[in-house]
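Visitor: Letter by letter, the chains look like this.
4 protein chains.
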Amino acid sequence: MILELIKSEGIAHHSYLIGDGGEGVVVDPRRDVDVYLDLAQDHDLEIKYVFETHRNEDYTIGSRELEDITGALIYHGSKLEFEYGMEVFDGDKFELGSLELEVLETPGHTPESISILLRDKSVSEDPYLIFTGDLIFAGELGRCDLLGESQVSWMAQLLYESIQEKILPLGDNVIICPAHGAGSVCGADIRDHDLSTIGYEQKTNPVLRMNKEQFIKFKLREKLYTPPYFKKMEENNQKGAEVLGVLPYLRPLKYPQIKEMMNKDAQIIDIRKPTSFGGGHIPHSLNIWREGLSGFVGYFVNYEDPIILVNDNEGQLDPMLRQLIRLAYDNIYGYLGGGFPKWYLAGQEVGKLDMWSVHQLKKVLDRKEDVFLLDVRKFNDYKKRRIAGAHHIWVGDIPERIKEVPQDKKVVVYCDSGHKSTTACSILKQNGYTNLSSVLGSMNAWLNADYPVVNGD
Amino acid sequence: MILELIKSEGIAHHSYLIGDGGEGVVVDPRRDVDVYLDLAQDHDLEIKYVFETHRNEDYTIGSRELEDITGALIYHGSKLEFEYGMEVFDGDKFELGSLELEVLETPGHTPESISILLRDKSVSEDPYLIFTGDLIFAGELGRCDLLGESQVSWMAQLLYESIQEKILPLGDNVIICPAHGAGSVCGADIRDHDLSTIGYEQKTNPVLRMNKEQFIKFKLREKLYTPPYFKKMEENNQKGAEVLGVLPYLRPLKYPQIKEMMNKDAQIIDIRKPTSFGGGHIPHSLNIWREGLSGFVGYFVNYEDPIILVNDNEGQLDPMLRQLIRLAYDNIYGYLGGGFPKWYLAGQEVGKLDMWSVHQLKKVLDRKEDVFLLDVRKFNDYKKRRIAGAHHIWVGDIPERIKEVPQDKKVVVYCDSGHKSTTACSILKQNGYTNLSSVLGSMNAWLNADYPVVNGD
Amino acid sequence: MILELIKSEGIAHHSYLIGDGGEGVVVDPRRDVDVYLDLAQDHDLEIKYVFETHRNEDYTIGSRELEDITGALIYHGSKLEFEYGMEVFDGDKFELGSLELEVLETPGHTPESISILLRDKSVSEDPYLIFTGDLIFAGELGRCDLLGESQVSWMAQLLYESIQEKILPLGDNVIICPAHGAGSVCGADIRDHDLSTIGYEQKTNPVLRMNKEQFIKFKLREKLYTPPYFKKMEENNQKGAEVLGVLPYLRPLKYPQIKEMMNKDAQIIDIRKPTSFGGGHIPHSLNIWREGLSGFVGYFVNYEDPIILVNDNEGQLDPMLRQLIRLAYDNIYGYLGGGFPKWYLAGQEVGKLDMWSVHQLKKVLDRKEDVFLLDVRKFNDYKKRRIAGAHHIWVGDIPERIKEVPQDKKVVVYCDSGHKSTTACSILKQNGYTNLSSVLGSMNAWLNADYPVVNGD
Amino acid sequence: MILELIKSEGIAHHSYLIGDGGEGVVVDPRRDVDVYLDLAQDHDLEIKYVFETHRNEDYTIGSRELEDITGALIYHGSKLEFEYGMEVFDGDKFELGSLELEVLETPGHTPESISILLRDKSVSEDPYLIFTGDLIFAGELGRCDLLGESQVSWMAQLLYESIQEKILPLGDNVIICPAHGAGSVCGADIRDHDLSTIGYEQKTNPVLRMNKEQFIKFKLREKLYTPPYFKKMEENNQKGAEVLGVLPYLRPLKYPQIKEMMNKDAQIIDIRKPTSFGGGHIPHSLNIWREGLSGFVGYFVNYEDPIILVNDNEGQLDPMLRQLIRLAYDNIYGYLGGGFPKWYLAGQEVGKLDMWSVHQLKKVLDRKEDVFLLDVRKFNDYKKRRIAGAHHIWVGDIPERIKEVPQDKKVVVYCDSGHKSTTACSILKQNGYTNLSSVLGSMNAWLNADYPVVNGD
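First to last, the protein sequences are chains C, U, S and W. Quick note on the working numbering: the first sequence kicks off at 2 and runs consecutively. Quick note on the working numbering: the second sequence kicks off at 2 and runs consecutively. Quick note on the working numbering: the third sequence kicks off at 2 and runs consecutively. Quick note on the working numbering: the fourth sequence kicks off at 2 and runs consecutively.
All the given hints hold, so there is nothing to weed out.
Just so you know, same-sequence chains aren't split out, so a pair can sit in one copy or run between any two.
Heads up, simulated DSS-like pairs for lysine-lysine below, C-alpha to C-alpha not over 27 angstroms straight-line: (1) K379 <-> K122; (2) K364 <-> K411; (3) K410 <-> K379; (4) K384 <-> K224; (5) K379 <-> K233.
If you're looking for bench data, these hints aren't it; they were derived computationally from the structure. Note that this is a predicted model, so its numbers are computed, not measured.
In isolation and in its complexed conformation, chain C is listed as follows:
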């Protein structure tokens, strides 16, 4: 039996290739499907089927890419009208060498969500593992709010029943292969374990021991952010996204081309670290650090205007290109060839951002200087623990709530680590704010320095 876990960084997406007897199945493929084709060939597997555990919302699924190349058949749940592929129903079974894949309808994250139970019939009729999609993760359950707030109660009930009636009875020993790992926005707080078992979840996740009423209340209280790009992903994944084929060409650009494209509303994304952005950057560029690209680009970048990346010429751009096309940013256009130094070597204007250590911040606050302290972390984190006097706007909400930030004051932004705060500053700079500081290390450093915080409401 072949079982390969394929991780897509950034969105912390887990997809799987399963194979036996020369035939293979992919569960929830990403859009750049070469990884499945390569692995399948390593194992001499013909890819026969693709399963989508649900209409994914955080990335554009690669099912149709695989279908286009291999002729594989696509299957998904029946409780949503997909414009491609075929429907499967509770109890449907598929053979794969000595493996049997059984479809379980497990609504809750979405109505059409399915899980795929795997048995190795050469061993036993007992279930071996289960692909749970976004139903249950290591240490977490799927979110229930994607159909809108009004549906949470209903979806939470479905999810409760799916877990209690379909999953837990399979037995403690069954291995859980979820569709996301730690860092995904598809669960509130997924643990950094790739795998789990039903028994381990039952022992370690108290939510699984709630009764239905408690559980629904718990889910109603859960407040999660929904990046605006989810909409496009849902549309793509319901209709079936356009087949991409070859990855888009990432054109190296020289500074005059960058300037020309900026006049044509190009979206310049500086993917360097906060310190680099602070030390110098192309004026009006958006800063999203490399590892945060998938997680935050969907809040700030549109699908029409050309996207241009700025880097320090260290590390490959190919992973960035892939992160973008997984989110259907096919409007990626190019990058600053040679990296940011090429910009300033040409004598171009250079923006800077004042980076503060927490110690600087502490001194300023101790001296009671008149600054607007802005916390851009998740609201729940802010509520739990914050620096005294901090205002709150979630980084993703800055564009629409920008008027709440005063233009006539020093604005000091912090987040968890100094990454999101620098992203926030880059957006404020784009909107004409000039007197800005971003706090390196932010709340993490602040706590490690033993500086005081305000807790709770």
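Given the coordinates of chain C, assemble chains U, S and W onto it according to the supplied hints.
Guide: Same frame as chain C, but now just chains U, S and W:
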């Protein structure tokens, strides 16, 4: 200045990426163009132009693939009507950072052949190197027979003039970057040096010191083989081949699928070594060893029926797939997943071929046994030196001259090394011959064993 | 939490890198330790400890290589006197970021065997997974016979108690990470699942439901082969093998060097497939196919005379070199540069081996021709099911039982697939047998062809 | 014929593997020799000889590493007493398949310098190419000052004679393979061409057309910097450096370990770009950007105290490790695991450096503010063209001339691009300077912005 030589094994094709100042040019790209895109990104080069030194005949050019992805402009000589790209003329110049590329019209291999002369203006006005296409190689000159025998005299004259008037006067120091290396069928006997210089060629190639008359005579005497697939390449390269995009899917097949496909006229190519083929093979399969695939597939395999590869599950198939699509074999269908052992483990019929050492052959000949000894090397090699009593048919001519091989006798086939002879045997087997032997090591081993040969006419 | 499974093909050895909080641990490292260093750097882990679950017998452990490079501390069980590293005892705990590793003494496979239980304290006090060494595998238990037959009863009792008292009570959900996968000789019949859980093993392995008496009887009946090289591994792993540092140089050799080395008792191993060996080989070479090298070299190759590999120049030799040094074959000397064709091209003598299909064999047997049919599979497999009239000698026993094979008769050898039978034939050839055939596909093909077998005693 | 050029970035070192007939030679190997072993195996070459064109001064040669692994013989010129290897003399010849390597004694860069002339006897007796070591490069000649100023005249005369009497007479067509490419400190201004020819050099380098007297004068005027680490390299390369074997372990460190090591005089090298260093860094760290590491580490870092690297966790550290051990920095100890963010997230003190654009500098100068403008470029560049009012100290001389920099003034540092100026600032910061700015883009940007400069004396 960036100068990258990209070798395509099998057809011994040399293409080049040249770059400066963030801009790049590709000379004679192959059809799987990812290598150029990757190199260009490593060097932050935007690919601006593609030059075709001539309408290539031994592979399908990748110009349109590059154009499709990057928008690069395609240029070729004006003495042939291409249905894509643009014409360039003698003296046309292109800037690339501090480099200048100048077009020289250098007919002779074909009428529209051009060379590209490179100067680095940051250094000097003196020419630095020249891309000569199929005009001149290390130790060899281009063939003049591709327009047909009647044109050889005229083409040889053109080639002579191109060399004498355009190339040699550039100066001894100019580096020559040809379009082929050792092993190509585009020159009679190319040396295994990647580069040369005009001076070194002049000193070491006596043909360059002939007068025009001598030269034309020399070329008229040159007999080279023209694989039938050249026709399709010429057509592709004149019209512009279809854009391929992603490489075709190489489907792993199980033995029943192979059998089913064989009933549908699938072309089974066994790419293992002669010894492996001898020890066991799928009946009716064609044997062309891995390194010989590009060189010989074009004689025996058509462009309609699906192609299936058989290997020993050692080494990647991706290079084989690439060799085939470079020759426009887009009808590649799949391969025997798990390699040849999967065939015999299934209890299928297994063909065998008797492999002889030269010592066995010697004994048989010494005993004057009645065998039909068949030499399938190039005719020139046969004429120069052969085993006494050998009949000659060039391996590529076997299909059409098969009736010359007797069915009622032991047939012993030799070539240079035992590779082509095994290919020949596989074709004879497909045609019902059963009493066959292929000689391992063939003429090479025979000579190394100090066995006698017959020389000359 | 970082958890990486590192597979060493051939011996089907599974080792693990576990990390958290910037610190890492390796369980049962192989001797070529670069893989751990590279992975550790990818995850920014300092390798602090190495655990040996037991004195491994099938490969030379890489603990001292890691110690030499990183300064990591080595730990192993206390029931054997190791000449390096430190002892750990039941209940000893190690911290690794938020992870806790607890030593469980679990004798049975060997007296000093330990298991390593892993808890993630950031999640819960509940055990998450366990590294079981050779105690329990997916679908199998460790062998109990390595101390000799007289100890099996006692070892089986220990193993039973380790499983029943230490492992099963941990809970169904605990993930099992064993030290071997399918194909290892350290368990009779390990399943091809990388992971398992305690619950899945309990449900699917009936041996786990035996009582102690039944279990001991069962183990007493279990007959497994012990390759002679185990002795050296045990010695290496108890004393601590010499630190290797850089991998040995794999010298490309030309045919005269090979001949010279053969005169100095060099051991020539032809790692090509049976069909290739059949089609032609260096006389007096041993054939062990690439994938079988680790599994069979230890029966036939000594640690003194230089080892030379012969291949077909397809596929890398580096994996073969690594397989050999994992088995402490530091006497590896070189390989035939350019592969087997270089031998026959030089006009050297070529050996051949007659490869039979099962259909040929069937015909011969039907005609009642006088052949000595030799089955070289495991004795248990022979007893269960064999071709009528077959004699049995386990391939590994051929050297010492060679006199049982008649010299004056046609000898036809079969095994499961045709690989081991060809190895056997190569040994017979080395010993002067000439009238030999090896059966391609062997028992697998025979059964697939629906030919009759004899079952049971 | 195999000819592989191996480039070592940073020191712009070119070494070569040449092979034919299964045997190979390495010219001027670097210390991490795996690249030669891998290439040799790809081509089935046994490495027989190592040639050292001279006692290299800018890196520690890898001859003895190769000797240790392969048993290759080491050869060098006879005009220096090496404590390892063997001497060769003018006219000595070595066979390598059909290739002939002839030693030419070509003193000038150093007295014992040799060149290696290559003929392919299968083609002709004419020389094909020459490995010239540090005698002649593309567009440049070797420096003559390494024995000290008093020897320049004598060495220049030798070099002149070597070129005129040994090299130029070989013929215009001979290809030149030098030991360095653009960016090396072993030639004043090497061109960015990998290869050249004798004719192209003669046509394009006016120095080659000087008479002996002019040439000696020219060389006497040439002022080049000699990094202090050259001394150790010369010693290593004369005595024979210690054999390294495996690359040193690059230990990931956590911030408390870094602090502890700093108390033990660890040398912290921040290899990030100037902007990153400006935005935040570990106080007291030295900044040398990644690409500049080899070129500048030898001025500032000693061979005793442990070296620790700080990066942004983007891009591999392995290339940096290799750059360091090529310069014999075996005292490399570790790196900040997780990169610089791990430092500030821990709430540690963060240093900053004010990065100026050239526009800021222009304004400050226009306002005639009282700043100490410091130019740290090469003296020749300063003399040729500088910003008005700039003082000059070569970046490599800062440690010993630091007292010339005032402590009571704003110090603004510029160089060519902003990289060396940031290195300079980091050294000034280590020495207690606090009021510092480094100019991004420096002279390049200044000129591109069309700001005025002062030329000449």
